[in-house]
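Enquirer: Next come the chains, spelled out residue by residue.
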Amino acid sequence: MSTLTAEPRKTRKRASAPDRASVLYDVPGPRAQMRNTVLTVLVVLVALFAVYVMVTKLDEKNQLNADLWTPFLRGDVWVNLILPGLFNTLSAAAVAAVIAVPFGFVFGIGRLSDHAWIRVPAGAVVEFFRAIPLLIMIFAVMYGGSAVFGLTVTPFMAVVTGLVLYNGSVLAEIVRAGILSIPRGQSEAALAIGLRKGQVMRMILLPQGVTAMMPAIVAQLVVLLKDTALGFIVSFEDLLNAGARVLPSNFNNIIPAVIVIAIVYIIINLIVGAVATWLERRSRRSRKSTAQPVAPPGAVVAPGTGEVSAVD
Amino acid sequence: MQALFDEFPVILSAFWLTIRLTLASGFMALVLGTILAGMRVSPLPVLRGIGTAYVNIVRNTPLTLVIVFCGLGLGLVLDISFSTSLSTNYLWLSIIGLSAYTAAFVCEAIRAGINTVPLGQAEAARAIGLTFFQNLRMIVLPQALRAVVAPLGSVLIALIKNTTIAAAIGVGEASLTMKTLFESHGDAVVPIFFGFALGFLILTLPTGLLFTWLSKRMAVVR
Numbered sequence: 001m002s003t004l005t006a007e008p009r010k011t012r013k014r015a016s017a018p019d020r021a022s023v024l025y026d027v028p029g030p031r032a033q034m035r036n037t038v039l040t041v042l043v044v045l046v047a048l049f050a051v052y053v054m055v056t057k058l059d060e061k062n063q064l065n066a067d068l069w070t071p072f073l074r075g076d077v078w079v080n081l082i083l084p085g086l087f088n089t090l091s092a093a094a095v096a097a098v099i100a101v102p103f104g105f106v107f108g109i110g111r112l113s114d115h116a117w118i119r120v121p122a123g124a125v126v127e128f129f130r131a132i133p134l135l136i137m138i139f140a141v142m143y144g145g146s147a148v149f150g151l152t153v154t155p156f157m158a159v160v161t162g163l164v165l166y167n168g169s170v171l172a173e174i175v176r177a178g179i180l181s182i183p184r185g186q187s188e189a190a191l192a193i194g195l196r197k198g199q200v201m202r203m204i205l206l207p208q209g210v211t212a213m214m215p216a217i218v219a220q221l222v223v224l225l226k227d228t229a230l231g232f233i234v235s236f237e238d239l240l241n242a243g244a245r246v247l248p249s250n251f252n253n254i255i256p257a258v259i260v261i262a263i264v265y266i267i268i269n270l271i272v273g274a275v276a277t278w279l280e281r282r283s284r285r286s287r288k289s290t291a292q293p294v295a296p297p298g299a300v301v302a303p304g305t306g307e308v309s310a311v312d
Numbered sequence: 001m002q003a004l005f006d007e008f009p010v011i012l013s014a015f016w017l018t019i020r021l022t023l024a025s026g027f028m029a030l031v032l033g034t035i036l037a038g039m040r041v042s043p044l045p046v047l048r049g050i051g052t053a054y055v056n057i058v059r060n061t062p063l064t065l066v067i068v069f070c071g072l073g074l075g076l077v078l079d080i081s082f083s084t085s086l087s088t089n090y091l092w093l094s095i096i097g098l099s100a101y102t103a104a105f106v107c108e109a110i111r112a113g114i115n116t117v118p119l120g121q122a123e124a125a126r127a128i129g130l131t132f133f134q135n136l137r138m139i140v141l142p143q144a145l146r147a148v149v150a151p152l153g154s155v156l157i158a159l160i161k162n163t164t165i166a167a168a169i170g171v172g173e174a175s176l177t178m179k180t181l182f183e184s185h186g187d188a189v190v191p192i193f194f195g196f197a198l199g200f201l202i203l204t205l206p207t208g209l210l211f212t213w214l215s216k217r218m219a220v221v222r
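Taken in sequence, the protein lines are chains A and B. The first sequence maps to residues 1 to 312 in the UniProt record's numbering. The second sequence maps to residues 1 to 222 in the UniProt record's numbering.
To be clear, the hints were calculated from the coordinates, so they are not data collected in a lab. Treat the hints loosely; a few may be bogus.
Unchecked claim - Facing chain B, from chain A, some residues (calculated, C-beta under 10 Å): (1) L39; (2) V44; (3) F49; (4) G110; (5) L134; (6) G150; (7) L240; (8) Y265; (9) I266; (10) L270; (11) R284; (12) K288.
Every residue gets a Cβ at the ideal spot worked out from N, C-alpha and C, and that includes glycine.
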């Protein structure tokens, strides 16, 4: 076990999660090994019992009948019901992301402006949309759009608008943190050689800041993708709608359908999350930036892996 | 504007439900999240595996799906009931969904906090013969929890906002009440929206300030 070797303190701090955790207990001796084996068997037994209870409960309610699960083996179910939902989910996420990222840059940089008339409104917008629930925004766009502006608001528009305002505001905080994470000397030096404020931002701060904020931006995009599921509440025909409305109304199989849909969501999010982790590692190694990677506001950085999980 | 005053009692009771949802799910998520964090740093690989799997599955599932599963799957299909009153039953089902989801984030926060405890602390604890469990309970967790007051505050604020998703299974908290008021007062959409937005600002902003203050107060000086 590496915990007992005399490594320099810095490398020990960076040890991976299991190594770090092992500080909490000794390398097991014969008695501890025996006890651990007994406990492992016990845990496995308890887990198996829990699974048994779940399976019996599902079976009691006839949820394990083959006809509830076989639809997922049919091509037409995927092509006609699940994939269109997935397509809508992904397009809402893509459109929202494409608008939210520039929104984040504009408001993030706006909050750092020297002029109060830009800084204060930008700050107010960001703080407001971060503090109120996304669903409140989606409802407001849905009803307000038609009642106040006389527009026909589709669920897609309502979901995308809500996602842009909320995630754009969080992205603004990421952008701000990314720019602030660059050592002051950088912009001081740039100003000293005669660059203007705009040039400092464009040529010195942003290129390095983007490297530092990339992983956080991608982590926030996982949140955005997950939040598209809120569209279900305003009848947006997304992936969750396919799993919780369309499939059950055809096959009366809500539990199997929701489980299958959840697996699809998890796979997509794990892929996006893996990209974030890869970017994080890369920018940690990178010499292109003087700044360390930043995390989304309120996010938790997992020990060891450095994986960022945005709180939402 | 008049609509807001007329419906004030309705709005107040909707927010009271939001607060109760937050407190109940927050408490359950804290307990479950601490247990999960303990599992993830435990000497048993099986426990670590179960904890890791739970966090990764739950964190990558949309909360709306979790709540819909609790309401329709657990409630309607599996007949899991906590109360004979239908609305109370859905309330509890949504609390289960909210706590199960939030616990994954609490777990990650606490695990990050455990990482801030200096190595020497845990080594000293082991040296005087404390077991894993004693070490965790008496030395590591108390310091870890104090270090993660601010992240836990962020999780709580996210939870306050997330309680609105209970609307997906018809729990009449603030967001669903706002939607109902939109339908009955079509001419007052803007004031109603700002009224509810203000309600959430009143809940989230002071919570943020409180936890920032607390985290400074509780910080372990090293």
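Enquirer: Next, verify each hint and record whether it holds.
Expert: Hint-by-hint comparison with the structure:
no. : hint : in the structure
1   : L39  : holds (6 Å)
2   : V44  : holds (6 Å)
3   : F49  : violated (13 Å)
4   : G110 : violated (21 Å)
5   : L134 : holds (7 Å)
6   : G150 : violated (12 Å)
7   : L240 : holds (5 Å)
8   : Y265 : holds (6 Å)
9   : I266 : holds (4 Å)
10  : L270 : holds (6 Å)
11  : R284 : violated (16 Å)
12  : K288 : violated (27 Å)
Consistency note: the structure conflicts with the earlier hints numbered 3, 4, 6, 11, 12.
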